[in-house]
Amino acid sequence: MPWSKIKADCNEPDFYTESNNTGRRITYPEAIREGVKQALALDDKVFVMGQGVDDPSGMFGTTRGLQKEFGPKRVFDTPLAETALTGIAVGAALGNMRPVYFHNRPDFLLLAMDQLVNHAAKWYYMFGGTVNVPIVLWTCIGRGWGSAAQHSQALQGLFFHVPGLKLIMPCTCFDAKGLMLSAIKDKNPVLIIDHRFNFKQKGMVPEHMYTVPIGKGIIRRSGKDVTVVAVSHLVTDAFYAAQELAEQGIDVELIDPRTLRPLDEALILESVSKTGRLVIADTGWKTGGVTAEISAVVVEKAFSFLKAPIERVACPDVPTPAGHTLEEAFYIGKADIKDAVFKTINYNR
Amino acid sequence: MHGIPEKKKKEIFYTMLRIRRVQERIESLYLQDEMKTPVHLYIGQEAVAVGICSVLEKDDYISSNHRSHGHYLAKGGDLKAMIAELHCKKDGCSKGYGGSMHLVDTSVGHMGSSSIVGGGIPIGTGLALAIKMKGTRQVSVVFFGDGAADEGVLYESFNFAMLKELPVIYVLENNQWSVCSHISARQADENIFHHASRDLLLAMKIDGNNVTSVYEAAFQAVKRVRQGLGPSFIECETYRILGHAGCKTQDPKGYRDQKEVETWKKKCPVKSFQKILLQENMLTPNDLAAMEKQIETEIDNAFTFAKKSPLPARENLYKNLFCE
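Chains A and B, in that order, are what the protein sequence lines are.
First residue of the first sequence? That's 1 in this note's numbering, and the numbers climb one at a time after it.
First residue of the second sequence? That's 1001 in this note's numbering, and the numbers climb one at a time after it.
Only chain A is shown next, with the shape it has when bound in the complex:
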């Protein structure tokens, strides 16, 4: 697996999760798989579709073996027809089923935009609340090994823009399972955008079924000097950055929003009102993206608490290059987050 050369298997950082260290330490894809498997076992209406969900690697391990266990009627491969298949998932949901549609890359979701944005996200509102569309779309951002411009896009900013669509970006094994189960239980279209870097981690996950509420963020580390809001695998990077900053006497409060829409604004605003300084880190592009929106929310609602300009850590506004020297220049991580924290701390009016 090429990604193993980019990021080695490891344990999640020792930050706060709601697992309370119960359960077993399992891998990230195993956590997702366990959630999907439990939903399939619990409810006959749940089914899994997507190109390659039945192949030996099973969508990076998230669907491995599920077809054997639940049969080809409930776990099935699909044609490479993202528009129609997304619409078919919408129709199946209208027919009282609960489809979970796996896409291996967000880049291909652009082919499904019509059904996702024009249909799934509109249906409940457009028909005055008479019909709802409970579908889950799952996808995983690629990174590294020259994945390049069309296999590594972090497109959450596009989907974040769309009312009627719930948008989840987890980063711990505990949340990956709990949010998957919440998404399947939800009565609305839910998009889960995952990241390949999360897949290298192991974390504590209880064996029983549980849900993590959609729309609730979590404080991974409490601190008093600066708030860092980080998205997806950048939560891990930000945590290590915070540990190193602590050695230099800077106390970071780290927030993992987990859900982008609905966004847990209250959690972010409360933290900023305490620290007065904010760094936002997202895997997507800077312009018109997640960091831009969260910045706007904070400026609108907590302006008087800000002691320094908001710092944004996001990917530069260019397509992802393939060559590794360019890739290194393109991607952001721990060092960028640290630099941004220093900048906001050292700001002088």
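The set of hints was computed from the structure by calculation and includes no laboratory data.
All values reported here derive from a predicted model rather than from experimental measurement.
Note that CB positions come from ideal geometry on N, CA and C, so glycine has one too.
Be a bit skeptical, because a hint or two may be false.
[Claimed, not checked] A few chain B residues that face chain A, going by a derived Cβ cut-off under 8 angstroms, partial list only:
#1 1097
#2 1114
#3 1310
#4 1311
#5 1315
#6 1319
#7 1322
Fit chain B to the given chain A structure using the hints.
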């Protein structure tokens, strides 16, 4: 299959006549600007919706498009709720959130119409997937126009329906025109979608202005679906008498030959079926007069209901974004 059963003929005619009169009423009142929503009228195509839906049961599904009124009424959708929706009122079928292009009546298997051309095609296919997974005897019918037949999603959906032998019937209403673009400017071949093997897809091309032909085709397709033999495709050749949207005077001049319109007006599906029923003595002039009166009263009542209904409250702007 030998035509429409005697006992169904009158009802089918009534439904066609009712759709026509409803469309005419909307057309005549449209410039008063009380229906503030783009209407796409169904005049000239009534035989398609009615011929198909008269073979369906109440719990069978239909998926519809922007030209949605005929499908909705033929499937048994509530007229008052439709007219109220055209006035964007609170008692509309979509509570005033949808307008003319977004009708819904789940009590009769109408799960909502999409105005994105071709948008309903995969959704109807997905409803068929749900039917197959649940193991019920239902059928899913997808109505779409020749404009939607230009969209790639049609091919994707046909393929999936054939692959999974889904209980779906695709009904192409070829009314020749997509807004002001003729089908000859958009399609490479007249029969481009009729080449699949009959085992995979039962494909038929019929006179969509002849309700008996439509009924017979639908009967055959529904029978095949209920036997679990998979999808069908019925192309109904018909014609859009009015313009793409709005009333008669809003149809731009010069994109089509008026003689073409006149030729198709002579093939009126309602009048030709009426003529047959009168000849067969299935219908008397008195019956016809009684029907007209009943329909007129019903339409009057629907418009009164719509006008009395309040507009949706401003404070409900954020309501119905997410289902709790």
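Which earlier hints turn out false for this structure, listed by number in ascending order?
-> 3, 4, 5
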